[in-house]
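What follows is each chain in one-letter form.
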Amino acid sequence: MSEKTKEHRYDSGLAVVQSGTVKDPGIEPHRVRMTDKSAKHERNASRQVAAMFIASALGSAFAIYAYFAFPITTELGSVRSNTFFLGLGITLGLLGIGIGAVHWAKTLMPDAEVSEERHQARSSEENRARAIEIIKLADQESGFTRRKLIRRSLYGALAMFPLPAIFFFGDMGPNPTDVLKHTMWRKGTRLAKDPYGTPIKASDVTVGSVFHVIPEGLEKLGADKLEEKAKAAVLLVRVADGVLKETPERAGWSYDGIVAYSKICTHVGCPVALYEQQTHHLLCPCHQSTFDLTDGCKVIFGPASRPLPQLPITVDAEGYLVAQSDFNEPVGPSFWDRSNN
Amino acid sequence: MKNRRSPLAATAVIFMGLVLSGGTYAAANAVVNHSNTSQAATQSQIDEGKKLFLANCASCHGKDGVGTSAAPTLIGVGGAAAEFQVDSGRMPAQASGPQMQVKPKQFTDEQVDALVAYVASLGTGPAVPTEEMIAANGDAVRGGELFRINCAMCHNAVGAGGALTEGKYAPVLSGVPNDHIYEAMLTGPQNMPVFNDQNLTPQDKKDIITYLKYLEANPSVGGYELAGLGPVAEGLFLWILGLGTIVAITVWLGAKSN
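Residue numbers (my numbering), protein chains in the order written: chain C, 927 to 1267; chain S, 19 to 276.
Since the hints were derived computationally from the structure, they do not count as laboratory data. Here the structure is a predicted model, which is why all the values come from computation and not from measurement. Just so it is clear, CB atoms sit at the ideal spot from N, CA and C, and this is done for glycine as well. Incorrect hints may have been included.
[Claimed, not checked] Okay, the calculated bits of chain C under chain S, using three or more residues with CB under 8 Å as the criterion: (1) 1135-1146; (2) 1196-1202.
[Stated by the list, open to error] DEER-style ranges, computed between Cβ atoms: (3) 259(S) to 1214(C): 25 to 31 Å; (4) 234(S) to 1129(C): 44 to 50 Å; (5) 259(S) to 1043(C): 57 to 63 Å; (6) 273(S) to 966(C): 53 to 59 Å; (7) 61(S) to 1242(C): 44 to 50 Å; (8) 966(C) to 268(S): 29 to 35 Å; (9) 244(S) to 1089(C): 54 to 60 Å; (10) 84(S) to 1129(C): 24 to 30 Å; (11) 61(S) to 1168(C): 36 to 42 Å; (12) 244(S) to 947(C): 48 to 54 Å; (13) 964(C) to 234(S): 45 to 51 Å; (14) 273(S) to 1003(C): 38 to 44 Å; (15) 1227(C) to 115(S): 16 to 22 Å.
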């Protein structure tokens, strides 16, 4: 072995070797284990290993026992004891084998330290010459250099091959549809209670009330129900007279102190629904963005950068709250072509 | 160190004095009505409540409950709000702060009934629910769905509570009596919004109470709950205990035997 290691001595190649660098400290002096010095310790260690294996066997036996002793019944709590005791038995079964094997190797198996050095990366001169010979032979046999027509047409084919990808990836540019920009809300859609879709009358919403709102008819949708709900969810709140600070262009968007805002955070889209009745703060539970409900839901704390979109509302002839239109802007977090029309 | 006293000690002593004098006064004067139904509030109950109110509440809520700069008016808040605040020990308040704390109840049941009767007499408002309205015999599945939509964002999906802004918090719901849960939804105490009967019908409220009581009676099927606080607590637990165990095993694997 030592002959072979010498032959493959590490070659520093082009690297600059500085004098005075840290010398290879070599292998630290061998320390004799207690199990090698004393027969009593050796006996103890072998008993410990055997004890671990026996513990493992007992663990596995317990897992079989637990399967029958803690069955899953119609009572939900039984799942908890079933998984817990099965897991306990299997864990003991696996850990016992693992710890026993490692302890065996560390205390009783030979502990001589050995170092193996890296071999050189460069192949032998003989192998290198042979490789070049094979390449030349392949060129000769295939006629790659000689047959110009074949070679150039192959270059052309290889150059053309990636071009279609330019068109495929082009689709990743502006979103081909506008599903992110519109929700289910239309002019005249009634505001309804989540989850059963009961329409809400303006008179139902007393001061300090908060309603979790879906568009009427959402509960009847099929597979796309959750997708639509994720965009259209609204929080409806009534505040006391004179509390709302409305800009002139949004003056007609509330009804008698009742305002409706998108529940989807403009930061990363968590549902913002922690409404404090006295401070009128709306808190997002994910990253603590806080919105002032009385002031157009502008951001007063946290990472969100835009106010929550407002749903303009009014009442219909029967006194039910209805939307005047869709939201004034796309709901939820930013996306690349959010501002394009 | 001998004279070390909590800064609240003086307040507590004055407070206890007020409660004692109020209580004695009331006991000396009023015929104590032992019936627990607040629907039938007698005039004597109202009178007793008024005396208790003047002794314990009027300094902040004003004479006749008209409110001051320190506390809101109680006209029209109804008996439900009064019972929630006084019976849960939140009122009388110990100190001003972001949120009124739950304390040991300061009044006997009879005194609470009297105060409720008095506040209810100030103006029309939500009344104390009946025993049947708060019984936890509704539909726990439906209650769970309504709870997750209307309550869970603040109170946590299993009612473990949570933080709000600027030191306020949504309290833990486990162990809260049924009538307090009902009254809190009905009246919207402090920063909690109001869930009137048009929003959550009496049946909805009953179902929500049923769900919360179901949670109290049934342990989580998924093993140890870690107080139900969710991914942050669970992540921290795994980071410290799970990764700690892995590091300890790795160190043991690499260590030479002695």
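Self-check item: Three-residue Cβ test at 8 Å for the coverage of the segment 1196-1202 of chain C by chain S
Solution: Our answer is that it holds, as 5 residues pass the Cβ test (under 8 Å) against chain S, meeting three.
(request) Starting from the hint 36 to 42 Å, judge whether the C-beta atoms of residue 61(S) and residue 1168(C) obey it. (result) 38 Å, holds
Distance restraint evaluation - residue 259(S), residue 1043(C), Cβ atoms, bounds 57 to 63 Å | 41 Å, violated
Open item on the list: A range of 38 to 44 Å was offered for this pair. Does it hold for the Cβ distance of residue 273(S) and residue 1003(C)?
Closed with: Holds, since residue 273(S) and residue 1003(C) (Cβ atoms, about 42 Å apart) stay within the stated range.
Quiz item: Is 44 to 50 Å right for how far apart the beta carbons of residue 61(S) and residue 1242(C) are?
Solution: Given range 44 to 50 Å: holds, Cβ gap about 47 Å.
Hint says 44 to 50 Å; check whether the CB-CB distance for residue 234(S) and residue 1129(C) agrees.
-> 36 Å, violated
| Satisfaction of the hinted span 54 to 60 Å by the C-beta atoms belonging to residue 244(S) and residue 1089(C) | 56 Å, holds
| field | residue 966(C) versus residue 268(S) beta-carbon gap, inside 29 to 35 Å or not | value | 30 Å, holds
Is the distance from the Cβ of residue 84(S) to the Cβ of residue 1129(C) consistent with 24 to 30 Å?
-> 27 Å, holds
Tell me if the beta carbons of residue 1227(C) and residue 115(S) are separated by a distance inside 16 to 22 Å. 20 Å, holds
(request) For residue 964(C) and residue 234(S), compare the CB-CB distance with the range 45 to 51 Å and indicate the outcome. (result) 59 Å, violated
Mind checking the hinted window 48 to 54 Å against the Cβ distance between residue 244(S) and residue 947(C)? The hinted range 48 to 54 Å holds for residue 244(S) and residue 947(C), with Cβ atoms some 52 Å apart.
In this structure, the earlier hints numbered 4, 5, 6, 13 are contradicted, and the remaining ones agree with it.
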